[in-house]
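J.: Construct all of the structure, not just a fragment, from the sequences and the given hints.
Numbered by the numbering used here, the letters in the sequence shown go through residues 1 to 92 in order.
Hints listed in this document are in silico derivations from the structure and should not be mistaken for laboratory results.
A portion of the hints provided could be inaccurate.
[Stated by the list, open to error] Straight-line Cα separation of at most 16 Å, EDC-like style, residue types lysine to aspartate or glutamate; simulated pairs:
{"no.": "1", "residue 1": "LYS75", "residue 2": "ASP45"}
{"no.": "2", "residue 1": "LYS44", "residue 2": "GLU2"}
{"no.": "3", "residue 1": "LYS83", "residue 2": "GLU54"}
{"no.": "4", "residue 1": "LYS83", "residue 2": "GLU49"}
{"no.": "5", "residue 1": "LYS42", "residue 2": "GLU86"}
{"no.": "6", "residue 1": "LYS44", "residue 2": "ASP12"}
{"no.": "7", "residue 1": "LYS36", "residue 2": "GLU86"}
{"no.": "8", "residue 1": "LYS75", "residue 2": "GLU38"}
{"no.": "9", "residue 1": "LYS90", "residue 2": "GLU38"}
{"no.": "10", "residue 1": "LYS75", "residue 2": "GLU51"}
{"no.": "11", "residue 1": "LYS27", "residue 2": "ASP87"}
{"no.": "12", "residue 1": "LYS90", "residue 2": "GLU61"}
{"no.": "13", "residue 1": "LYS36", "residue 2": "ASP87"}
{"no.": "14", "residue 1": "LYS42", "residue 2": "GLU6"}
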Amino acid sequence: METLEEMRKSIDNIDNAIVAMFAERFKVTNRVGYYKAENGLKSKDPKRESEQYERIHDLAEQYGLDPEFALSYLKAVIARVVKNHEDIGKTL
1 METLEEMRKS IDNIDNAIVA MFAERFKVTN RVGYYKAENG LKSKDPKRES EQYERIHDLA
61 EQYGLDPEFA LSYLKAVIAR VVKNHEDIGK TL
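T.: Put into structure tokens, the structure is as follows:
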């Protein structure tokens, strides 16, 4: 039987991986922000957002995760990405 300490260590390892993946995701989305700014594209892309919401909803269901929770995470991520893109656009 797993101890509480072992389970918490597993949680910590998962949290480390999540933060690392967020960092990597934002590196890529920042590159997208520079591309958009350099090419006169809008920071917000409602069509892409809609596709992402649908994709994440389906993935959440596939993995047995509450889709509403997954969508709330995505909403926060998209809001930050758009803000980052707007900030990048102001620098160019």
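J.: Please go over all the hints and tell whether each is borne out by the structure.
T.: Evaluation of the provided hints:
no.: 1; hint: LYS75 with ASP45; result: holds (13 Å)
no.: 2; hint: LYS44 with GLU2; result: violated (46 Å)
no.: 3; hint: LYS83 with GLU54; result: violated (22 Å)
no.: 4; hint: LYS83 with GLU49; result: holds (14 Å)
no.: 5; hint: LYS42 with GLU86; result: holds (9 Å)
no.: 6; hint: LYS44 with ASP12; result: violated (34 Å)
no.: 7; hint: LYS36 with GLU86; result: holds (10 Å)
no.: 8; hint: LYS75 with GLU38; result: violated (25 Å)
no.: 9; hint: LYS90 with GLU38; result: holds (11 Å)
no.: 10; hint: LYS75 with GLU51; result: holds (13 Å)
no.: 11; hint: LYS27 with ASP87; result: holds (14 Å)
no.: 12; hint: LYS90 with GLU61; result: violated (38 Å)
no.: 13; hint: LYS36 with ASP87; result: holds (12 Å)
no.: 14; hint: LYS42 with GLU6; result: violated (47 Å)
Checked against the numbered hints given earlier, this structure breaks hints 2, 3, 6, 8, 12, 14; the rest are met.
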